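Whole structure, please, built from the sequences with the hints as guidance.
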Amino acid sequence: RSGTGRIALVGYTNAGKSTLFNALTKARSYAADQLFATLDPTVRALYLPLPDGERGRPATLSDTVGFIRDLPHKLVEAFEATLQEAVDADLLLHVIDAASPTRDEQIAEVERVLAEIGAGDIAQVQVFNKTDLLPTSRQPREMVDEVEREGGRRTPRVFVSAADGSGLAALRHLME
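Just so we're on the same page, our numbering is the position in the sequence shown counted from 1, plus 658.
Keep in mind that the hints were calculated from the coordinates and are not lab data.
All of these numbers come straight from a predicted model, not from anything done at the bench.
Please note: incorrect hints may appear among the correct ones.
Unchecked claim - Per label pair, the in silico range of CB-to-CB distance: (1) 662 x 779: 27 to 35 Å; (2) 802 x 757: 15 to 23 Å; (3) 757 x 814: 18 to 26 Å; (4) 707 x 822: 31 to 39 Å.
Note that CB positions come from ideal geometry on N, CA and C, so glycine has one too.
Set out below in structure tokens:
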């Protein structure tokens with residue numbers, strides 16, 4: 659009702675959601691290479707840029723728990739508060755570890771969980787993070803493009819490195 663957009667970071671565990679959260683909001687949230695480094699949702703305000711570079715619309719960005727394959731139902735219940743951030747969002751930033759050898763399986767698992775919790779139809783941007791870890795031969799040709807998802811939906815995707823900041827301007831533009 660306030661006109662503030664709600665954006666939630668979702669993704670497989672260790673995809674770099676908290677590092678991206680910190681880079682976008684200038685926060686200092688705990689970020690570590692471990693399972694469930696984020697247990698409770700963390701929410702910060704940010705302003706999305708206008709096309710002329712001026713400070714634009716306000717939004718909130720939520721950092722959520724990382725998903726894992728075969729998460730026991732009892733743990734899904736325990737993480738209800740953080741998963742609710744995804745269900746209530748206007749936009750999901752699906753953070754993907756671009757350098758992971760199991761990237762495609764991780765994407766499928768996150769999509770499955772999002773559908774299961776009722777967030778499967780929320781607008782989404784796929785954020786391929788950790789591009790700084792990719793060898794030159796696997797670097798993306800374009801920093802922003804689209805992918806066709808299940809059901810024929812076109813979804814924008816952007817390639818970033820939350821660690822070195824590359825691609826973050828393009829991500830902010832997509833978020834607006």
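Comparing the hints with the structure gives:
{"no.": "1", "hint": "662 x 779: 27 to 35 Å", "verdict": "21 Å, violated"}
{"no.": "2", "hint": "802 x 757: 15 to 23 Å", "verdict": "19 Å, holds"}
{"no.": "3", "hint": "757 x 814: 18 to 26 Å", "verdict": "21 Å, holds"}
{"no.": "4", "hint": "707 x 822: 31 to 39 Å", "verdict": "20 Å, violated"}
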